[in-house]
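Chains as they are written, first to last, in the numbering used here: chain A, 1 to 271; chain B, 1 to 249.
All clues given are correct.
Taking CB as the label site, the calculated pair distances span:
(1) B/A247 with A/A112: 57 to 65 Å
(2) B/R87 with A/G13: 53 to 61 Å
(3) B/A34 with A/T91: 48 to 56 Å
(4) A/L48 with B/E241: 56 to 64 Å
(5) A/K193 with B/L21: 37 to 45 Å
(6) B/E30 with A/Q65: 53 to 61 Å
(7) A/P204 with B/L21: 35 to 43 Å
(8) B/K63 with A/Q65: 55 to 63 Å
(9) B/T233 with A/G13: 31 to 39 Å
(10) A/V146 with B/R79: 28 to 36 Å
(11) A/Q65 with B/D38: 47 to 55 Å
Derived from the structure by calculation, the hints contain no laboratory data. Bear in mind that the values here come from a model prediction, so they are computed numbers and not experimental data. All residues carry an ideal CB built from backbone N, CA and C; glycine is no exception.
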Amino acid sequence: MGKVIVVTSGKGGVGKTTSTAALGAALAQNGEKVVVVDFDVGLRNLDLVMGAERRVVYDFVNVIQGEAKLPQALIRDKRVETLYLLPASQTRDKDNLTPEGVEKVMASLKKAFDWVICDSPAGIERGATLAMRHADIAIVVTNPEVSSVRDSDRIIGLLDSKTLKAEKGERMEKHLLLTRYDPARAERGDMLKVDDVLEILSIPLLGIIPESMDVLRASNIGSPVTLASGDSSPARAYFDAVRRLKGEDLPLVVPGEKRGFFGKFFGRKAA
Amino acid sequence: MTDMLTKPRPIRLKGRSFLALALSPELPFEDWLARLDDLAARSAGFFLRRPVVLDVEGLDIDKAELRGLVDQLKTRNVRIMGIEGARPSLLGSDLPPAMSDGRPASDFTAPDFETPAPEETVKPGVVASNAPLEPLPSTSKPSIIITEPVRSGQSLFFPDGDVTVVGSVASGAEIVAGGSIHIYGTLRGRAMAGTTGNPGARIFCSRLEAELIAIDGFYKTAEDMEPDLRGKTVQIWLEGETIRTGALA
Numbered sequence: 001m002g003k004v005i006v007v008t009s010g011k012g013g014v015g016k017t018t019s020t021a022a023l024g025a026a027l028a029q030n031g032e033k034v035v036v037v038d039f040d041v042g043l044r045n046l047d048l049v050m051g052a053e054r055r056v057v058y059d060f061v062n063v064i065q066g067e068a069k070l071p072q073a074l075i076r077d078k079r080v081e082t083l084y085l086l087p088a089s090q091t092r093d094k095d096n097l098t099p100e101g102v103e104k105v106m107a108s109l110k111k112a113f114d115w116v117i118c119d120s121p122a123g124i125e126r127g128a129t130l131a132m133r134h135a136d137i138a139i140v141v142t143n144p145e146v147s148s149v150r151d152s153d154r155i156i157g158l159l160d161s162k163t164l165k166a167e168k169g170e171r172m173e174k175h176l177l178l179t180r181y182d183p184a185r186a187e188r189g190d191m192l193k194v195d196d197v198l199e200i201l202s203i204p205l206l207g208i209i210p211e212s213m214d215v216l217r218a219s220n221i222g223s224p225v226t227l228a229s230g231d232s233s234p235a236r237a238y239f240d241a242v243r244r245l246k247g248e249d250l251p252l253v254v255p256g257e258k259r260g261f262f263g264k265f266f267g268r269k270a271a
Numbered sequence: 001m002t003d004m005l006t007k008p009r010p011i012r013l014k015g016r017s018f019l020a021l022a023l024s025p026e027l028p029f030e031d032w033l034a035r036l037d038d039l040a041a042r043s044a045g046f047f048l049r050r051p052v053v054l055d056v057e058g059l060d061i062d063k064a065e066l067r068g069l070v071d072q073l074k075t076r077n078v079r080i081m082g083i084e085g086a087r088p089s090l091l092g093s094d095l096p097p098a099m100s101d102g103r104p105a106s107d108f109t110a111p112d113f114e115t116p117a118p119e120e121t122v123k124p125g126v127v128a129s130n131a132p133l134e135p136l137p138s139t140s141k142p143s144i145i146i147t148e149p150v151r152s153g154q155s156l157f158f159p160d161g162d163v164t165v166v167g168s169v170a171s172g173a174e175i176v177a178g179g180s181i182h183i184y185g186t187l188r189g190r191a192m193a194g195t196t197g198n199p200g201a202r203i204f205c206s207r208l209e210a211e212l213i214a215i216d217g218f219y220k221t222a223e224d225m226e227p228d229l230r231g232k233t234v235q236i237w238l239e240g241e242t243i244r245t246g247a248l249a
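Excised from the complex, chain B in its bound form (with noise of 0.2 Å):
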């Protein structure tokens, strides 16, 4: 038995970076919270499985108010795995613990904490579920083309810039970019262009049958779409807080 703590071995301890998303809570929280479950209810299981992070920055609460609200997101199914913006005596140790330094993910940089070993740094935030969807060489201009089809089930996350498909992107199948989206196919399941907060963002796509689309945090359900233009080749664009759907010639 002592042989094994005379060899300790070492346990290891590195520093990662994590894409995640951040939510804004707004005053009053009821109002806020309706709004959400709004958009839960239109877009079943987005915030599912997915990390997200409480930004409280500027907002007047008390740590009451703040336990409350964790507590609210958690029966939502939405659990919060950092807080940013709050003031050390907000936080205690029943709540998720605090988070600094975050930026926008387009500028997203190695954490300087600890260097990361190189091949972590070579494609950041490219997630491609139970799919060996391999981009190809990017020129300059962060972007990825994928040439298989997307299926059902897989979800394609690339933060850093534009993402074409050639091929069609299935029922059940979502892609979300930095940049813009485009389609060489039919688009019947998720896209949601611009996340980290790019409104200039765009979606093309040959045929839409899309489930939902978004850019920058603006969503459209199937339901919301114009008829006349399903099964259109069409471009999707924001003006101001509206999803415009335009034909393509």
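The following block holds chain A by itself, in its conformation from the complex (with noise of 0.2 Å):
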């Protein structure tokens, strides 16, 4: 059985979309078998950012609908052939999500690969409750500012409340993915610095991803950015976040710090 990773964050724009396709093509890199899954029906990016925007015929509502079979609307990644995308639609509206569609997709998706990712949209309505409904984990995207840290904060707690884990009474692993982190204005203190935001949320940190051209770049040739350029300094974010999300105990660095300040950081993540 597969594990389910929703892809959180309440507020928009903090790099949901991003992160999703950089960890689940890291993860295939890796040679597991991945799928990401756009929850995001309506506004559908995640297509674009994986560069499979022209080969969509069947997206996820024409499933729950019983129009198209799953692996027909499934599409193969032409880089790397063990990562595999369920694209949203982007003509209907959320309504089209069916709770009992969505359970059915997701106990197949879990039956036929390793990770499921599920890209959430924005918001706390029924998209992205039903993007997290059936996940085993949870990565909360954030950025370093008080807004971003503010709804992930009400995510977490509908994380704990809303799921079907939290339902049966069971706890649900959750992540934090800090995200556009900015060494220059943190070096000025124009951001939240990491300690405040782990303080504040007290949840894990998976990792830390730098604000870098190279994750925009990878979006615009619709690449995620650990296949565009693996060796910039986000693609070695992602990877440590995947080797951490499997269980790796990995020094965590703060971008722009210097070394030897990470044994203090990785003290704390078991807040």
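Hey, can you piece these two chains together into the complex? The hints should help.
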């Protein structure tokens, strides 16, 4: 049985879709069988970031409404052959995602893949709650600024109450992915400190992704950053995040800080 | 079709007690409404979606004035679910129903017109909206201990006694307690202690970053708090009608 991950944040524009693509590709590059699922019906973007927008025939909503079989809607990546995409529909709205339909699709995907990564839409409404509902693990994407942190806090509350795991009385595994971290702005004190974000959200840190032109460039050419420029600093941060996700105990370096500080940070992981 | 009539399914009617805020207006209403607006301005959305009962005991008003007041409150998004202490002649079908036998929530007991199911009386008044904040078993004096952070958007309502949070209370979260509130963490959201009429209640927190604090209905927003106590370990108490804040060593 594969593991279901939801990539969520509450706030829009923090890097959910970019992170979904990068983490999915990084896992697949390690030989795991991965499907990335776009839950953002009506405002889909994952197909663009994955470079598959011209290959979409059937989508998630077609599968739910029985207009297509699941294998017909899955798009296999041209670069990594264990990576698949289940695109969202751009023409329908989120009401077309029914709880029963989503449950059926998730059950089939779990059987066929090692990892099912769900790209949640922004907000706390239907699309977002359905995306998190079947998850085993949540990755909360947060930027180091107050509104993003507060929205993430709200989402963590929902992860602990509105998911199947929570309803069964189990604990959802939650990780924080701090994205768009700008060392120059951190230096000037224009951003929340990593410590402060961790103190407020009190969930373990999976990785810190530096703000980088490489990410933007990768999105524009339709390629996850871990595929487009594998040795760039954001790509390396995503590769490390994936290793931590699989249980490896890696030291964490805050971008722009001198090495030697990370021991202090890692001690915080159990928070 | 006749089948349906011969086997009628009973309609379930149950007696149940709920906790509401009782609002006691004073004459003249213009001044009182101005003060209410002032409170609402400092604590946006406080009455939103909360059940509110209007207590008009001892007010010398007529039906038109009462209706006017209810309408005035409606324009402020305060929806009145019932009116307490009104003479029958004051009320009509166009006004919320009369309510009687209200008592302070700290003396809250089950209604005597019907015995509710036991599980409904175990934890009267604990409402943790969209959060599985499980209170630990309480000792003789009612109190609850929350061992995880209270997240933004979560609201913990415990009119029976003290609330202890081992963790932080996030910005946009709120704790409403009948007794004192103890927070072993940072208080960034709202804390309202002594809400059932207990001026002796206090608020303690390891680090004060609150948006709003209140004891027995007296409020202070972040703007009104002493700036030098921000980020400090403090206790907050009521002296007469003034909220006092003091650093703890």
